[in-house]
Amino acid sequence: MLLTRLLSACHHFPGFVYYGARLCEATQTVEIDVRPRKGSKPICSCCNKPGSGYDTLHERRFEFIPLRGFAVILLDSMRRVDCRQCGVKVEAVPWAVGKHTLTKAYMPFLAQWARKLSWKETARSFRTSWERVLQAVEWVVDGGLHNRELGTIRAFGVDEIQYGRGHQYVTLVYQIEAGCTRLLRVGQERTKECFTKFFGMIGKPLCEKVEFVRSDMWKPIAHHCPNALNILDRFHVVAKMNKAIDEVRADEAWRMTRDGYEPVLKKSRWRLLKRRENRTGKQRVRLRDLLQYNLRGVRA
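Numbering (this note's numbering), first residue to last: 3 to 302.
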């Protein structure tokens, strides 16, 4: 059949052959039988050494890259190996990993689409489940982390993003250099232990070579990178300044009300904190009147 010949040319599995293919119109799937070659020995999934066959298990289904809207399923009755070192084990197959029902070719395919679409939309488009998309992304990420070379890190940044409802954050550590911008670590929470794991991962020699750190005024970073220049995040600097100005204004407004003065600072928070281009005409007039008073909140 032309389809099996095409798969043999594009995705050749040593020791196995595509035995046949059939179209199931009711389920819109293409089922392809995979069989071991005559005389080929099964490979132990623990030590990756060939051994003698023990018995054959029930047929298993493996999801392959879809073809023109049809799901492609590889069918194989996996053998068990009588390994001299490991005992009786299920054979290792070249198209899958462990107990994954997704093939090695299909998982990068799903993960690539999961970068462009939401995981739910990816699962719907390729007629699989959200959990399968998660498995594909995890497998690709684990492979990338295993083969990653950190090299020399001269500058990195730290930030957090909110997920879910409430104050739930993940901490991101990313390298920011000319020609190299990449994510280094994702931490579940914003804790000291999270950063300790990151610095333990890159090691003390790399920490000492870091020259610049972009952060949000977090003290544990300076402890681990003593030679780095700490560049403060503009957003957090402005947020701290606005908070300090608002605290001075609120305290002064409370004291003026207590002492019986005219409450000129009442409802003046956004007149003081807003950018010039964002103020309304009414706010500009009231701010001009407010600046005539020699108050601590106004001076701040």
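Treat the hints with caution; some may be incorrect.
[What the hints assert, rightly or not] With a cut-off of at most 30 Å between alpha-carbon atoms, the simulated BS3-like pairs for lysine-lysine come out as follows: (1) K40 / K101; (2) K43 / K101; (3) K51 / K40; (4) K211 / K245; (5) K206 / K194; (6) K122 / K101; (7) K91 / K106; (8) K106 / K51; (9) K51 / K101; (10) K118 / K40; (11) K106 / K122; (12) K43 / K122; (13) K118 / K43; (14) K118 / K106; (15) K211 / K199; (16) K91 / K118; (17) K194 / K122; (18) K211 / K194; (19) K194 / K245; (20) K91 / K101; (21) K91 / K51; (22) K40 / K122.
By construction, these hints were calculated from the structure, which means they are not laboratory data.
- Message: Of the numbered hints stated earlier in the document, which are not met by this structure?
- Response: 4, 10, 12, 13, 16, 17, 22
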